[in-house]
Amino acid sequence: MQDFIQHLINGISLGSIYALIALGYTMVFGILQLINFAHSDVYMIGAFAAYYAARTLGIDKNPGVSTLVILLIAAMAACSLLGFTIERLAYRPLRKAPKLNILITAIGVSLFLQYSGQVVFGADPKVFPAVLEDSVLFTLLGVEFKSLDLAVLFVTLVMMVLLHLLIYHTKLGRAMRAVSTNMNVAAMMGVNTDRIISFTFVVGSALAGVGSVLVGMKYPKIDPLMGMMIGLKAFVAAVLGGIGNIAGAVLGALIMGLSEEMVVGYLSSTYRDALAFGILIVILIFRPAGLLGKGGVEKV
Amino acid sequence: MKKPLLALIGLIFVGFLIDLSFDAFIQLTLIYVLINMILAMSLNLVSGFTGQFSLGHAGFMAAGAYASAFLSTIFPMNPGPMQFVYFLFYAIAGGAVAGLAGYLVGLPTLRLRGDYLAIVTLGFGEIIRVILLNTKTVGGARGMYGITGPTDFTLGSWTISKFLIGYAHAIFWVVACFVVIWRIIRSHHGRAFLSVREDEIAAEAMGIHTTQTKVRAFVLSSFFAGVAGSIFAHYANYLNPASFSFNRSVDAVIMVVLGGMGSLSGSLMAATIITILPEALRPLQEITGVDLRMVIYSLALILLMILRPKGLMGTKEVNEFWRKYVRKTS
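Quick mapping for you: the protein sequence lines, in order, are chains F and P.
Quick note: the first sequence uses numbering that gives the first Met the number 0, first residue 0, plus one each step.
Quick note: the second sequence uses numbering that gives the first Met the number 0, first residue 0, plus one each step.
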C-alpha cells in the first residue's frame, strides 16, 4: 500500500511535467491544427538555457528556491523567444500552404534545432545544475514526501492556475479562444490573429521551458536529443486527452504519468517507452477524438 | 517508358562501363543511390500520389532487410552464374515480409488523417526497430554479420565482378519499381490513389473505398521499401537496427519532398542529390571539424518548404517538361 501511494506521488509528479509540455502541443494544435514537432526541441533548448544561465550566474552549485526561480525565468524567456522566432520565420510564411507542407516544415525545424544543438552544445550529455536539495520533507503513514516532487507539483499548479486565469479571465485569452474556434470570424471581429498566434506560441513555449527546468531538476542529465522521447509522450498525452482541449491535455498527461510509473513499478522498465505508443494506437483506433475531445463530422 | 526491358539492358551496359572505369568507393555510392531511388519512389507512392504522410518508411526497409538476410542463412546462396536468381528470390521474400508488415500496420492506422497518421507511422517504425533490437536470432543490438553478398565469378575467360551483379540486381529493381508505379498511377487503381490525395470526401462520394485504397498503396510501397532493404542487406553484408532509425525515414521524406510529391523522375533526381551531397560535403566537414551536414539538410528542408513547396518537379515528370520545351521551340 505504501509502495502504491509512493508510485502514485511519483506518477502525478511525472504526469504534471508531461502536462506542461502537452499544453504547448494542444494550444498550438487548437489554433493552427498543426502538430508542432519543434516543441520538444524548444523544451530541449530551455534546459540548455537554464544550464548556461546557472553557469554564467555561478549558481550551479547553490541549490535553493531562488535558484529555481531564476532558472525558471531564464528557461521561460529563452523558450518564448525561440517559440516566437520559429513561428515568425518558419510557420507564418506558410499560413495559407497545405497542411502537409507546414508539417514537414515543423519536422525540419525540429531536426534543425536538434542538429544545431549537437553542433553548438556538443552531443555528449551534460549534468544539470542542482536546483533544489532532494530531501524528505515529511513522512506521512510511511510515505515519503520529497522536496523535488512537491516543488514540481507546486510549480505546475501555479502555472496551471496562471494559464487558466489567462485563458478564461483576460481579453487576450478570449481572443485566443475566439481564434481557435474560428480564425476568419475572429479576424472579422477585429482580432489580430497573427499576433494571437504568436502569443500562443510564446505561452506554449514558456510552459515547455518550465517543464525543462523541472525535468532537469528531477533527472539531472541533459543532451540535445532529450526532447524527442518526452515530446512524443507529451504529444501522446495531448492526443489521449483530446488534442486542442486544454483540460484534456492535463488529464491525459496525468494518466500517462501514472500508467508509466505503474508499469515501471510493477512490470518492467523496458516496456516504458512502448507504453506510450501502445496507448496512442489504442486511443486512435477506439476514440480518435480523445477522452475529452469532441469528434466532429468533416463538412465539405 | 514504352520499352522498360530496353532501358534495363541499356542501364546494365552502363554498369559495365562503370565497372571498368571507376573505383570501389564510387561504385558503392552508386549502389546506395539506387537503393535510395527505390526508397524514394516507394514512399512517393504513399506520400506523393496517395497523399498520406508516412514517417515510418525505415521500419519497412528494416523488415525487408532482416527478412531477406535471415532467409539467406536458411537457403544459402550458390556462388556462380545463378546468384542473380538467388538475390531476386531474397528480395521478393524481403519485400513480401515488408508488405505484410505494411498491411498489418496500415489496416488500423490508415483510417487516420494527416498529422495523426504521421505520428502513428513514426511510432510503428520505431516499434519495428525496437523489436529487431530485442530479437536475438538476428543479432539484436550487435547487428547481423556476414550476410551473403554478390561474389566474382568467371564465365569462360570472362570475369564478372561482384559489383556488376549487385548493380544489375539493384538497377533491375529500380526499373521494376519505376515501371510498376508508373503503370499503376495510370490505371484505374492509380486514379483512385490520386483522387484520395486530391479530396478524400469527394473520392468517397464517388464510390472509392478510401481506407482500402490507402492500404493498397501502403502495402505496395512497403513491398518496395523491403526490396530496397534487401539490396542494402546483401550489398553491405552487415545489418544493424541503428541504421534504420527515424533519420532514415526522414531522409526518405526529404527525397520525396525535394523531388516533388507525385513526380517519379523528381524522386530519382532527389535520391541522387541527397545521397551524393553528404559525400560531396565531406571536405567541408574536415575544414570545420563539426558535422554540419544534417544542419544544412534541415535548413534546406525548411527553406524548400517556404520558397518552393512543390519541390524540384512538382507533380510533373521529366518528359512533360521535355514535351513543353519541344513544342515551344518547334
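Where hints are given, some of them may not hold.
No farther apart than 27 Å at their CA atoms in a straight line, the calculated lysine-lysine pairs in the BS3-like style are these [said to hold, decoys possible]: (1) Lys95(F) x Lys315(P); (2) Lys309(P) x Lys98(F); (3) Lys217(F) x Lys60(F); (4) Lys135(P) x Lys95(F); (5) Lys135(P) x Lys98(F).
Partial pick of chain F residues on the chain P-facing surface, computed with a CB cut under 10 Å [what the hints assert, rightly or not]: (6) Ile34; (7) Leu56; (8) Ser258; (9) Met261.
Estimated spans, in silico, between C-beta atoms of each pair [unchecked claim]: (10) Ile73(P) x Gln1(F): 49 to 55 Å; (11) Asn181(F) x Pro3(P): 38 to 44 Å; (12) Ile72(F) x Gln284(P): 33 to 39 Å; (13) Phe12(P) x Phe285(F): 36 to 42 Å; (14) Asp22(P) x Phe285(F): 25 to 31 Å; (15) Ser244(P) x Phe285(F): 26 to 32 Å; (16) Gln284(P) x Ala96(F): 31 to 37 Å; (17) Gln284(P) x Phe153(F): 45 to 51 Å; (18) Thr192(F) x Ala140(P): 25 to 31 Å.
Rather than coming from a laboratory, the hints here were simulated on the basis of the structure.
In this text, all values refer to a predicted model and were calculated from it rather than measured experimentally.
We put the CB at the ideal spot given by N, CA and C, even for glycine.
Verification of the hints:
no.: 1; hint: Lys95(F) x Lys315(P); verdict: holds (22 Å)
no.: 2; hint: Lys309(P) x Lys98(F); verdict: holds (13 Å)
no.: 3; hint: Lys217(F) x Lys60(F); verdict: holds (15 Å)
no.: 4; hint: Lys135(P) x Lys95(F); verdict: violated (49 Å)
no.: 5; hint: Lys135(P) x Lys98(F); verdict: violated (41 Å)
no.: 6; hint: Ile34; verdict: holds (4 Å)
no.: 7; hint: Leu56; verdict: violated (28 Å)
no.: 8; hint: Ser258; verdict: violated (16 Å)
no.: 9; hint: Met261; verdict: violated (21 Å)
no.: 10; hint: Ile73(P) x Gln1(F): 49 to 55 Å; verdict: holds (53 Å)
no.: 11; hint: Asn181(F) x Pro3(P): 38 to 44 Å; verdict: violated (52 Å)
no.: 12; hint: Ile72(F) x Gln284(P): 33 to 39 Å; verdict: holds (38 Å)
no.: 13; hint: Phe12(P) x Phe285(F): 36 to 42 Å; verdict: violated (56 Å)
no.: 14; hint: Asp22(P) x Phe285(F): 25 to 31 Å; verdict: violated (57 Å)
no.: 15; hint: Ser244(P) x Phe285(F): 26 to 32 Å; verdict: holds (30 Å)
no.: 16; hint: Gln284(P) x Ala96(F): 31 to 37 Å; verdict: holds (33 Å)
no.: 17; hint: Gln284(P) x Phe153(F): 45 to 51 Å; verdict: holds (47 Å)
no.: 18; hint: Thr192(F) x Ala140(P): 25 to 31 Å; verdict: violated (49 Å)
Of the numbered hints given earlier, the model fails hints 4, 5, 7, 8, 9, 11, 13, 14 and 18; all others are met.
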